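Undergrad: Given the coordinates of chain A, assemble chain B onto it according to the supplied hints.
2 protein chains.
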Amino acid sequence: MSQPGSPVGLHRVLSPTGVLPQAAERLDTRRELWPDETRVRVQRLNLDAASFRQLEQTYDGDGDRVRGAVLDIVAARGKMQNPVTGSGGMLVGTVEEVGPESPLGLHVGDRVTTLVSLTLTPLVVEDGLRSWDGRSEQVPADGYAILFGRSIVAVIPDDLPAELSLSVMDVCGAPALTARVVGEYTDPVVAVIGAAGKSGSLSLAAAKAAGAGRTIGVVPHEGEAVLLTAAGIADVVAVADARDPVALSSAVADAGGPADITVVCVDVPGCEGGAILSTATGGTVVFFSMATSFSAAALGAEGLAADVTMLVGNGYVPGHADLALSLLRRHPGVRSLFERRLGSREAGAGTMAP
Amino acid sequence: MSQPGSPVGLHRVLSPTGVLPQAAERLDTRRELWPDETRVRVQRLNLDAASFRQLEQTYDGDGDRVRGAVLDIVAARGKMQNPVTGSGGMLVGTVEEVGPESPLGLHVGDRVTTLVSLTLTPLVVEDGLRSWDGRSEQVPADGYAILFGRSIVAVIPDDLPAELSLSVMDVCGAPALTARVVGEYTDPVVAVIGAAGKSGSLSLAAAKAAGAGRTIGVVPHEGEAVLLTAAGIADVVAVADARDPVALSSAVADAGGPADITVVCVDVPGCEGGAILSTATGGTVVFFSMATSFSAAALGAEGLAADVTMLVGNGYVPGHADLALSLLRRHPGVRSLFERRLGSREAGAGTMAP
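Taken in sequence, the protein lines are chains A and B. Under my numbering, the letters of the first sequence match residues 116 to 469, in that order. Under my numbering, the letters of the second sequence match residues 116 to 469, in that order.
To be clear, the hints were calculated from the coordinates, so they are not data collected in a lab. Here the structure is a predicted model, which means the values were calculated and not measured. Worth double-checking, as some hints may not be accurate.
Claimed, not checked - Across the chosen pairs, the derived CB separations fall in these ranges:
1. A/Pro276 x B/Gly326: 48 to 58 Å
2. B/Gly458 x A/Ala406: 34 to 44 Å
3. B/Thr396 x A/Val199: 33 to 43 Å
4. A/Gly458 x B/Gly220: 26 to 36 Å
5. A/Gly371 x B/Pro131: 50 to 60 Å
6. A/Gly133 x B/Gly326: 33 to 43 Å
7. B/Thr396 x A/Arg455: 36 to 46 Å
8. A/Gly347 x B/Gly224: 53 to 63 Å
9. A/Gly220 x B/Ala362: 27 to 37 Å
10. B/Ser130 x A/Pro255: 55 to 65 Å
Backbone N, C-alpha and C fix where the C-beta goes; we use that ideal spot for every residue, glycine too.
Just chain A, with the same shape it has in the complex (with noise of 0.2 Å):
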């Protein structure tokens, strides 16, 4: 190789120079590889839903010049990166060659899927997409991907269904997160806000298989209830507004609370200040949510003189899709919770992109 890998792919970038690849215009796509990287053939693209519908729009439906237009960003970027919404998607496929220093431990032909987004991934599309007709984010493709040393990609097991499968390793950073962060307190009350929800139902599982002393499921209203007691995952169910400070404070007070860990799964704005306030003097709050603000947090927890550590969701944690899945597989509860939201789509054979 003319140079020195670098274990985040900071070789690859072509232009602009010195920047990570996530930012790069364009990335280079050599099929040889540097000794810590690995080569992936490309089965199959989950476009980024956001990515997806600007697509769609722009071309007003049209399935082939949206399949023209992911052409034409894979060829011209080296990896698929919508302009303008910025995002990408995952990919699932095959390894096809390992270098002799990948820190990843695949083997050839082991099926995997990225669990990094696809604006950081070399890409190359050999088919002409026409097995795609350009009007799903599913998207069938021949080709292949570079992961770097440094990258996160899981083995899809053989046992369960690949959506399953996908759809739980889509929310794994959550239920690992939880587990580590259960493990620095003893017996801790954990309560789970959004805990019928994918990354919720985990992380419940989690908590009590890292030791919890007593879980507290939250969820916004009856229905949820109802199903979250009969996946019986949760040593109490609570139903509150998850905006609403006092009324959920209160009801995480009522389930056996305050809470000495709040892992706040729901994707609402505005509820920094109810786990907050749900969190007991030394606890921890654990935002998983895309929809929290950094100061609202922050602002939130000096309003209330509250002595809380608050974490931001880390979506990486090392062996994080071995556990999701395995907490699956142990839990008939989470994997009813999850298979009800794949509903109908679970026939098929397309997968959720991240």
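TA: Quick look at chain B alone, frame taken from chain A:
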């Protein structure tokens, strides 16, 4: 009292019912105390800069009308919260009465400043603000304010100029949380981004005092490097643009990194990736900048497969004001950086609003 008190002041909310004092339209300003409350005789309000600017512009800089507007707001809402900007400010005063169950540790006659916002503090103005010309955010005032059981207030020390003390207290959460995180590691390498600023210089000193093995102060240009070197509070001084992840992480690495703990104190957007890339596996990034993007931090760590803990910089840690003031007293280099920033304003009697 007609209803039981709440340590966060719920009992003082008149409308709408059930919200936190900060979100309230109107607070109960009765001078009688609930058992855990404290009443302060107000001497000066420091209006939030954004709030004062808005009032000044609305009334074309007419001081009488600005004064009238502030009086109207306080009378109508029972607190100083600009309805347009949503912001308040802080106050300086003297403790007048302490409820028998107050946990704040104050005594009648203590000269104090509030470190929580005026937006949640019951306030009555009794002098019509007649000593204020309405043309500066420094508002001489006579009246009273109520502090709740769970409030944040600091006694203004006698041995330092008031403006210097208030300027230190304004950022005292950063060194306190930095010290706490450093205590969780053994001889960690600590990088402070924005190290010549107020929160940055205090965080550097706090890290060393708490046991950092090596402190790296990162500044944006040579001018600040000279100042920081002269202050003598960093083991190594490095120059880098914090918005450039490759440049920042290289500079930290060259200075003895990667960092076990990276403290972000620079108030410009786009520093998340660089901070994450500068931090070792298993390390911690503490974000104190209000310019931090929650999603950029969460997705950035995932894109870099970075197993780092990311903390939202909570402005409240018990004992934070005392710690920060003691650091300033012990480190002439920190004090010189603060005094330099206060500059000519130091001569006046004014204080800095948070």
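Undergrad: Work down the list of hints and note, for each, if the structure agrees.
TA: Each hint, compared with the structure:
1. A/Pro276 x B/Gly326: 48 to 58 Å: holds (51 Å)
2. B/Gly458 x A/Ala406: 34 to 44 Å: Given a distance of about 40 Å, which is inside 34 to 44 Å, the answer is holds.
3. B/Thr396 x A/Val199: 33 to 43 Å: Between B/Thr396 and A/Val199, where Cβ atoms are some 34 Å apart, the hint holds.
4. A/Gly458 x B/Gly220: 26 to 36 Å: violated (57 Å)
5. A/Gly371 x B/Pro131: 50 to 60 Å: Taking Cβ atoms as reference, A/Gly371 and B/Pro131 lie about 29 Å apart, which means the hint is violated.
6. A/Gly133 x B/Gly326: 33 to 43 Å: Cβ of A/Gly133 to Cβ of B/Gly326: about 35 Å, so the range 33 to 43 Å holds.
7. B/Thr396 x A/Arg455: 36 to 46 Å: holds (37 Å)
8. A/Gly347 x B/Gly224: 53 to 63 Å: holds (59 Å)
9. A/Gly220 x B/Ala362: 27 to 37 Å: holds (32 Å)
10. B/Ser130 x A/Pro255: 55 to 65 Å: For B/Ser130 and A/Pro255 the Cβ distance comes to about 58 Å; the hint holds.
The earlier numbered hints that this structure contradicts are 4 and 5.
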